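Student: Sequence:
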Amino acid sequence: MYATEGRDVDQFEFSQLLFSCPVPSRFIEQNNFNVINPLFWIDLVPIRAPARRGPMLMTKDQVGPQEFQHLDRFSILEHYGNAHILPAIEDSGRIVNLPVCPTTPKPQHHPSYQLVACTWTSASYNRRGDTTTVEDSAARLEEWIVFHRTVGFDHIYIYDNTQVPQNSSESVLFKIASQFPSFVTYHSWPAKSCSNNRPNHKNPGERSSQYAAEASCRERYGPTASWMAFIDTDEYLAPMGNKTWLPLLDKMDAKDIKVLKLKSSRGRPRESLMQLLDDPNECNSQSRLSSFSKNECLIPRKNETFLRVYNCDFIRPPRPVRFARAMKQIYKPNFVLSHFVHYSTITASMSRYYKDFKARDLYTRELNEGDWGDIFLDERTEGTLIHAKSVLPHETMARKDSCQIASKRPCVIGHVCPNTTPFVDAIHQKNVFRDADGNFCNCWINEHVEKTLIPNLEKALREHKRNSFMAD
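According to our numbering, the sequence shown holds residues 26 to 497 in order.
For the record, the hints were derived by calculation from the structure and aren't laboratory data.
From a predicted model like this one, the values you see are computed outputs, not experimental measurements.
Glycine included, C-beta positions come from ideal geometry on N, C-alpha and C.
One or more of the hints may lead you astray.
Stated by the list, open to error - With a straight-line cut-off of 30 Å between C-alpha atoms, the simulated DSSO-like cross-links for lysine-lysine are: (1) LYS268 <-> LYS200; (2) LYS476 <-> LYS286; (3) LYS414 <-> LYS476; (4) LYS268 <-> LYS455; (5) LYS455 <-> LYS353; (6) LYS327 <-> LYS414; (7) LYS217 <-> LYS200; (8) LYS286 <-> LYS484; (9) LYS414 <-> LYS490.
As the list claims (entries may be wrong) - Label pairs and their computed distance ranges (CB to CB): (10) ALA373 <-> HIS135: 12 to 20 Å; (11) SER149 <-> CYS219: 13 to 21 Å; (12) GLU244 <-> LEU69: 14 to 22 Å; (13) SER149 <-> ARG459: 33 to 41 Å; (14) ASN444 <-> ARG152: 28 to 36 Å; (15) TYR368 <-> MET83: 18 to 26 Å; (16) TYR368 <-> HIS453: 24 to 32 Å; (17) GLN91 <-> ALA373: 20 to 28 Å; (18) ASP86 <-> LYS490: 52 to 60 Å; (19) ASN464 <-> LYS490: 35 to 43 Å; (20) LYS217 <-> LYS490: 28 to 36 Å; (21) THR84 <-> THR158: 47 to 55 Å; (22) LYS217 <-> LYS383: 44 to 52 Å.
Produce the complete structure using the sequences and hints provided.
Tutor: Right under this line is the structure:
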């Protein structure tokens with residue numbers, strides 16, 4: 026990390042440069058083994074050329090002498106041609122005076138925490154590809170923190186992307202985080218994202234600020250925790266079968282499982298837990314011009330938790346495999362060396378070289394099934410992800426036309442299906458599910474969350490508010 030505050034806090038190196046650079050011995054201090062004092066400095070001049078990929082760049086230490094003999098050698102002329110123009114050095118983005126320090130084995134410390142979470146959030150934001158501003162983060166954050174504390178998380182790290190003046194204490198999220206001084210670590214993180222387009226846009230979204238925050242959290246706080254997760258404040262990691270995650274984590278430790286994967290699908294806000302918007306003009310100003318009938322707008326009922334309102338998933342568990350695309354993970358940071366939003370991109374198993382194997386004949390560059398160290402959790406007995414992404418008031422105006430049997434429009438409002446209503450994935454988008462009385466329904470309640478975790482959350486919220494009031 027190069028800066029502790031301001032707009033440069035996102036300048037966090039997410040990748041590593043591996044290169045062989047013979048330095049004359051006379052330039053190296055022979056007796057300096059202090060990491061604080063570099064042995065020498067280098068200037069790095071990036072050469073913007075086509076990407077080089079594949080095993081042709083491997084070394085003997087990486088793949089072993091036998092395989093190295095058969096690797097194709099990299100040819101500049103073959104890959105770049107003889108007409109590729111490189112930029113002038115002064116235009117190449119030179120980085121000067123990079124310190125080169127000797128590496129020493131990191132001391133092995135027992136992690137301070139068993140389970141931690143990181144999140145990147147903002148007091149207001151625009152959804153991908155949408156100009157509508159959402160401003161419910163402050164209301165969500167307090168509940169989200171309290172919930173994860175009740176289910177066994179030991180600490181939470183908040184990266185606040187709210188755009189405020191230099192003093193981060195002006196952020197409303199900072200004020201909420203300050204209510205949990207021993208449980209929450211807060212970082213002002215004003216770095217802007219490059220693009221907020223939808224993933225299928227010709228210029229896909231690039232939430233660089235979020236990616237850098239995740240890299241920072243894993244690198245800075247990973248060594249302090251046995252297990253780590255990076256999730257949004259509208260996502261709830263809910264243990265199934267227990268009140269906390271700890272029994273399951275102990276079970277996974279015993280099995281040497283290192284990555285727990287949870288599929289993701291969106292919950293529907295239950296109409297029975299919603300109320301009319303107090304000021305209809307606020308909604309009408311954002312209504313979309315269309316041919317469908319417009320109703321008055323709905324918002325979550327006051328004094329209801331977001332978790333309860335959205336605890337009605339339109340996909341009844343177990344979720345189909347396609348919902349793994351937007352999965353979230355709970356992983357061991359000493360095994361996952363690089364994590365990117367939904368995926369473990371580099372693991373300790375993947376990063377092993379030939380030189381790391383004691384039995385050379387066992388070396389292979391291909392991972393066996395067991396080397397990944399990951400599993401999808403059983404959503405009914407082990408753990409699940411409740412995704413409570415906001416349905417905005419103006420999006421509820423079409424419910425009269427869309428929330429009925431055989432409607433051609435998707436219904437974004439939750440109408441609860443009883444457990445006796447079977448879920449059929451092939452027809453779930455056709456609005457054909459009915460309850461026992463033959464009425465339209467489109468989502469299923471997670472009973473363990475409803476009957477155990479939500480009451481625990483509501484009790485913990487009351488205690489937190491009472492303690493905060495007394496402290497004031």
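Student: Taking 33 to 41 Å as the stated bounds, is the beta-carbon spacing between SER149 and ARG459 within them?
Tutor: Once the Cβ atoms are compared, 39 Å apart, the range 33 to 41 Å for ARG459 and SER149 holds.
Student: Take the C-beta atom of SER149 and the C-beta atom of CYS219, compute their distance, and say whether it sits inside 13 to 21 Å.
Tutor: Holds: the Cβ-Cβ distance is about 19 Å, inside 13 to 21 Å.
Student: Between LYS327 and LYS414, is the straight-line Cα distance small enough, at 30 Å or below?
Tutor: holds, 17 Å
Student: Would the pair LYS455 and LYS353 pass a check requiring their Cα atoms to be no farther apart than 30 Å?
Tutor: This hinted pair holds, its Cα atoms lying about 28 Å apart.
Student: Taken at face value, is the distance from the CA of LYS200 to the CA of LYS268 at most 30 Å?
Tutor: holds, 29 Å
Student: Lying within 20 to 28 Å: is that true of the beta-carbon distance GLN91 to ALA373?
Tutor: Cβ of GLN91 to Cβ of ALA373: about 24 Å, so the range 20 to 28 Å holds.
Student: Go ahead and decide if the range 12 to 20 Å is satisfied by the Cβ distance of ALA373 to HIS135.
Tutor: holds, 18 Å
Student: For the pair we were handed, LYS268 and LYS455, check the Cα-Cα distance against 30 Å.
Tutor: This hinted pair is violated, its Cα atoms lying about 36 Å apart.
Student: Take the C-alpha atoms of LYS414 and LYS490, compute the straight-line distance between them, and say whether it is at most 30 Å.
Tutor: holds, 24 Å
Student: If I claimed the Cβ atoms of LYS217 and LYS383 lie 44 to 52 Å apart, would that claim hold in this structure?
Tutor: Once the Cβ atoms are compared, 48 Å apart, the range 44 to 52 Å for LYS383 and LYS217 holds.
Student: Is the distance from the Cβ of LYS217 to the Cβ of LYS490 consistent with 28 to 36 Å?
Tutor: holds, 34 Å
Student: For the pair TYR368 and HIS453, does the Cβ-Cβ distance stay inside 24 to 32 Å?
Tutor: For HIS453 against TYR368, whose Cβ atoms are near 26 Å apart, the range 24 to 32 Å holds.
Going down the numbered hints, you'll see the structure goes against just number 4.
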